[in-house]
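Protein chains in written order, with this note's numbering: chain A, 1 to 135; chain B, 1 to 135.
Each hint should be verified, as a subset may be incorrect.
Cβ pair distances, simulated, as ranges [to be verified]:
(1) Gly-133/B <-> Glu-38/A: 27 to 37 Å
(2) Leu-59/A <-> Gly-133/B: 29 to 39 Å
(3) Gly-60/B <-> Thr-104/A: 41 to 51 Å
Calculated pairs, SDA-like style, for lysine to any residue (alpha carbon to alpha carbon, straight line, at most 25 Å) [what the hints assert, rightly or not]:
(4) Lys-119/B <-> Asp-85/A
(5) Lys-96/B <-> Phe-45/A
(6) Lys-3/A <-> Pro-37/A
(7) Lys-119/B <-> Arg-67/A
(8) Lys-94/A <-> Arg-23/B
(9) Lys-96/A <-> Gly-75/B
(10) Lys-119/B <-> Lys-96/A
(11) Lys-4/A <-> Lys-119/B
(12) Lys-119/A <-> Ser-134/A
(13) Lys-4/A <-> Arg-131/B
(14) Lys-3/A <-> Glu-92/A
(15) Lys-119/A <-> Arg-23/B
(16) Lys-119/B <-> Asn-102/B
(17) Lys-96/B <-> Ala-66/B
(18) Lys-4/B <-> Lys-94/A
(19) Lys-119/A <-> Thr-42/B
(20) Lys-94/B <-> Arg-17/A
(21) Lys-3/B <-> Ile-43/B
(22) Lys-4/A <-> Pro-37/A
(23) Lys-119/B <-> Ser-63/B
(24) Lys-96/A <-> Val-30/B
(25) Lys-119/A <-> Asp-85/A
(26) Lys-119/A <-> Gly-75/B
(27) Lys-119/A <-> Ala-88/B
(28) Lys-3/B <-> Asp-85/A
(29) Lys-4/B <-> Glu-84/B
(30) Lys-96/A <-> Gly-20/B
(31) Lys-119/A <-> Thr-71/B
(32) Lys-96/A <-> Ala-70/A
(33) Lys-119/B <-> Thr-42/A
(34) Lys-119/A <-> Glu-84/B
(35) Lys-4/A <-> Gly-20/B
(36) Lys-96/A <-> Asn-102/B
(37) Lys-94/A <-> Thr-71/A
(38) Lys-3/A <-> Leu-36/B
(39) Lys-96/A <-> Glu-84/B
(40) Lys-3/A <-> Lys-96/A
Note that these hints are calculated values from the structure, not bench results. Remember, it's a predicted structure, so these values are computed and weren't measured experimentally. All C-beta atoms in this analysis are idealised placements derived from N, C-alpha and C, irrespective of residue type, glycine included.
Protein chains: 2
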Amino acid sequence: MIKKIDHVAIVVEDIERALGVFREALGLQVSQTQSLPEQGVTIAFLPVGESEIELLEPLGPDSGVARFLATRGEGLHHICLEVEDIDAALAELKGKGLRLINETAVAGAHGRVAFIHPKSTHGVMVELLERPGSR
Amino acid sequence: MIKKIDHVAIVVEDIERALGVFREALGLQVSQTQSLPEQGVTIAFLPVGESEIELLEPLGPDSGVARFLATRGEGLHHICLEVEDIDAALAELKGKGLRLINETAVAGAHGRVAFIHPKSTHGVMVELLERPGSR
Chain A
1 MIKKIDHVAI VVEDIERALG VFREALGLQV SQTQSLPEQG VTIAFLPVGE SEIELLEPLG
61 PDSGVARFLA TRGEGLHHIC LEVEDIDAAL AELKGKGLRL INETAVAGAH GRVAFIHPKS
121 THGVMVELLE RPGSR
Chain B
1 MIKKIDHVAI VVEDIERALG VFREALGLQV SQTQSLPEQG VTIAFLPVGE SEIELLEPLG
61 PDSGVARFLA TRGEGLHHIC LEVEDIDAAL AELKGKGLRL INETAVAGAH GRVAFIHPKS
121 THGVMVELLE RPGSR
């Protein structure tokens, strides 16, 4: 069902400042930056092996990411697992009683995505991603 | 400098209970479980692509993992990045002003490891790992 860790997301106050660590000190490269006003975030992706680190910076005070930053501070936010068939995965997880934030997949930056509620996954926000052409 | 995400670690109250989600629902397999009394934890590894998910359960109330669980609850704890040469990596990070929890590498379950202080990495606990035969 799960192919790999697609990315690990980190909430930061300021992506440019965070790149001082993740790019300048740790030597990672930025493959993509994107502003997503409808989700209230700016994102940057830094490939690491077959996965990526995603930096998330809130654009304003109203997004979930902004609330996370205000209450928990900077740090690990979620993990994204790539699946072959997200519809089958969601049906199976729902059948096993997991609480889903997205009952059906929605459009994400890299494919169709859905979040599982952290109450069902031991405090971990888990995103599932099906990339185009995966099936 | 960094080869891949070696693992993403999740603190849980009870590994057996957590496997109800990560193994039974998400379909991952357990490759290794180990009790590490000197570190105050029991660990389980579940491979995902080239990486692994590590579940961490405190053995008693005195470990860092137990304190994390008491103050923050279950959830994402740290990310481990595999490097080719951990001594060179630590020297470079120290030279760039990052605060290290381990100034020199120590023995870990899978090789020589060192932790960077989350105050230097935007709230993320980062572990570096050099596997045997890596250089």
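inquiry  = If you test the structure against every hint from before, which numbers come out violated?
reply    = Failing hints, ascending: 1, 2, 4, 6, 10, 11, 12, 17, 18, 22, 27, 28, 32, 34, 36, 37, 38 and 39.
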